[in-house]
Each structure stands twice: as C-alpha cells, then as structure tokens.
Amino acid sequence: AQSVTQLGSHVSVSEGALVLLRCNYSSSVPPYLFWYVQYPNQGLQLLLKYTSAATLVKGINGFEAEFKKSETSFHLTKPSAHMSDAAEYFCAVSDGFQKLVFGTGTRLLVSP
Amino acid sequence: DAGVTQSPTHLIKTRGQQVTLRCSPKSGHDTVSWYQQALGQGPQFIFQYYEEEERQRGNFPDRFSGHQFPNYSSELNVNALLLGDSALYLCASSLQGQGGANVLTFGAGSRLTVL
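So the sequence lines, in the order shown, correspond to chains C and G.
Heads up: the first sequence is residues 1 to 112, going by the numbering used here.
Heads up: the second sequence is residues 1 to 115, going by the numbering used here.
Think of the hints as simulated: they come from the structure by calculation, not from any bench.
Given the structure is predicted, the values throughout are model-derived calculations rather than measurements.
Even for Gly, the Cβ is constructed at its ideal location relative to N, Cα and C.
The reader is advised that the hints may include incorrect statements.
[To be verified] Partial list, computed: chain C residues near chain G (C-beta under 10 Å):
{"no.": "1", "residue": "G8"}
{"no.": "2", "residue": "S9"}
{"no.": "3", "residue": "S12"}
{"no.": "4", "residue": "F34"}
{"no.": "5", "residue": "L44"}
{"no.": "6", "residue": "F90"}
{"no.": "7", "residue": "S94"}
{"no.": "8", "residue": "F97"}
{"no.": "9", "residue": "Q98"}
{"no.": "10", "residue": "T104"}
Start from the sequences, fold in the hints, and give me the full structure.
Here it is as structure tokens:
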C-alpha cells in the first residue's frame with residue numbers, strides 16, 4: 001500500500017528565505033506524486049505532480065520538487081518565500097486508480 | 001469554467017442525525033471522489049463514483065454512502081452521525097481513463113459540525 005510521510009507539522013521561514021517542505025513516500029510500484037496547497041477555509045489546489053517524465057518538476061507560484069528514487073523523497077522547494085505562501089501543504093501519492101493517499105500536512109508560516 | 005462546487009458550505013447537526021452533502025463536478029469530468037479531512041489532518045479517501053457506481057471505497061463504515069447521478073453530480077450521505085464525523089468533506093472530480101497521473105480537482109468543501 002502507498003503512503004507518504006511529511007516531516008515537520010510546522011515550518012517557519014522569513015520572507016525571501018528558501019522554503020523546503022519534506023515528503024517521503026512508500027510505494028510498491030512506480031509512484032505518481034503530488035503536492036497540493038490549502039489556504040484557510042478553501043479546498044486543495046494542485047501545485048505540481050510527478051509522473052515519471054522528469055525528476056525535477058516545476059509547479060505554480062515558483063514551487064518545484066525533485067523526485068529521488070534512491071531516497072524515496074519528493075521534497076518541495078521555493079527559492080524565495082512570499083507572505084502569500086503561508087498555507088497548509090500536502091504531499092500525496094496515487095494508487096494508480098485516481099485515489100490519493102495524503103500525508104498529514106505541513107503548515108508553512110512566513111514572517112516579514 | 002466552473003470548477004467543483006459543493007453545498008452546503010457549513011452545517012451543524014446533532015448526534016444520531018443524518019446529513020446529505022452535494023457535489024457538482026468540474027465541466028467535462030465524469031468521476032467524483034469524496035474525502036474526509038479532520039481538523040489538523042490530511043484528507044482521507046471515502047469512496048469514488050464513476051458511471052453511477054461505487055468503484056473504490058476507503059476504510060469507512062457503511063454509515064457513509066453515496067450516489068452519482070446521470071449528470072455526474074454526486075451526494076454523500078452519512079447516517080447516525082457521531083461526534084467524530086465532524087470534519088471538512090471534500091469532493092474531487094476527475095476524468096476516467098487517465099490512470100494514476102490524473103489530477104483531481106477539489107471543491108472548497110462542506111464543513112460539518114456534529115454536536
């Protein structure tokens with residue numbers, strides 16, 4: 001069965017600093033991996049997805065993630081944080097039939 | 001182009017009552033999935049509907065049931081509500097045939113509070 005683990009329930013950065021949100025996955029088959037963002041009182045919005053085409057995936061709002069099979073990781077990064085990036089971020093893995101298994105989420109806090 | 005719409009946005013029920021939540025998928029999508037997101041947790045898969053049939057089900061009791069209509073819209077029903085059913089219920093739509101790489105489009109959710 002697929003699963004994901006997000007390290008750190010809260011991450012705090014200063015505006016302009018590097019953002020690094022960690023995600024490790026477990027999958028018995030080549031995984032499809034996703035990062036979603038959730039703003040307060042809103043649903044989930046897709047940031048980016050990995051589908052084996054390229055290991056470095058670029059998403060919206062300047063985010064990107066690198067798939068590392070040897071480390072079973074799919075960490076999310078952004079070179080320079082903006083105040084508007086403050087939100088909850090979820091890593092997810094697909095079972096291959098459009099069912100997503102989500103991590104517990106990481107809340108990103110951005111200070112001025 | 002309207003995305004996924006859910007109703008109601010908020011509702012309060014008491015233990016033992018029944019609730020129905022509704023979802024209209026994104027235009028062009030034919031598959032609807034429901035997720036439960038408890039406070040401080042990631043979404044948990046409840047079930048998925050395609051061609052008006054339940055195709056997959058997560059680890060939820062039979063108190064949770066659903067339906068998909070010919071226009072692809074869907075309902076989630078929860079009977080005999082428990083305090084632990086308090087959560088944000090998210091509907092997601094997608095297009096079948098895209099496999100695991102397919103992207104789910106989520107609605108804003110229905111927040112259920114059980115007192």
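Checked hints:
Taken as an interface hint, G8(C) does not check out: its beta carbon lies about 14 Å from the nearest beta carbon of chain G, beyond 10 Å. Because the closest C-beta pair between S9(C) and chain G is about 8 Å apart, less than 10 Å, the hint holds. Look at S12(C): its Cβ only gets to about 17 Å from chain G, farther than 10 Å, so that hint breaks. Hint status for F34(C) relative to chain G: holds, with the closest Cβ pair at about 8 Å, below 10 Å.
A hinted interface residue such as L44(C) counts as satisfied when its beta carbon comes closer than 10 Å to some beta carbon of chain G; here the least separation is about 4 Å, so the hint holds. Hint status for F90(C) relative to chain G: holds, with the closest Cβ pair at about 5 Å, below 10 Å. Using the Cβ-Cβ criterion of 10 Å, the hint placing S94(C) at the interface with chain G is satisfied: the shortest such distance is roughly 4 Å. Given the 10 Å rule on beta carbons, the hint for F97(C) holds: about 6 Å separates it from the nearest Cβ of chain G.
The restraint placing Q98(C) at the interface with chain G holds, with a minimum CB-CB distance near 5 Å, inside the 10 Å limit. Among the interface hints, the one on T104(C) holds; its C-beta lies about 5 Å from the nearest C-beta in chain G, closer than the 10 Å criterion.
In this structure, the earlier hints numbered 1 and 3 are contradicted, and the remaining ones agree with it.
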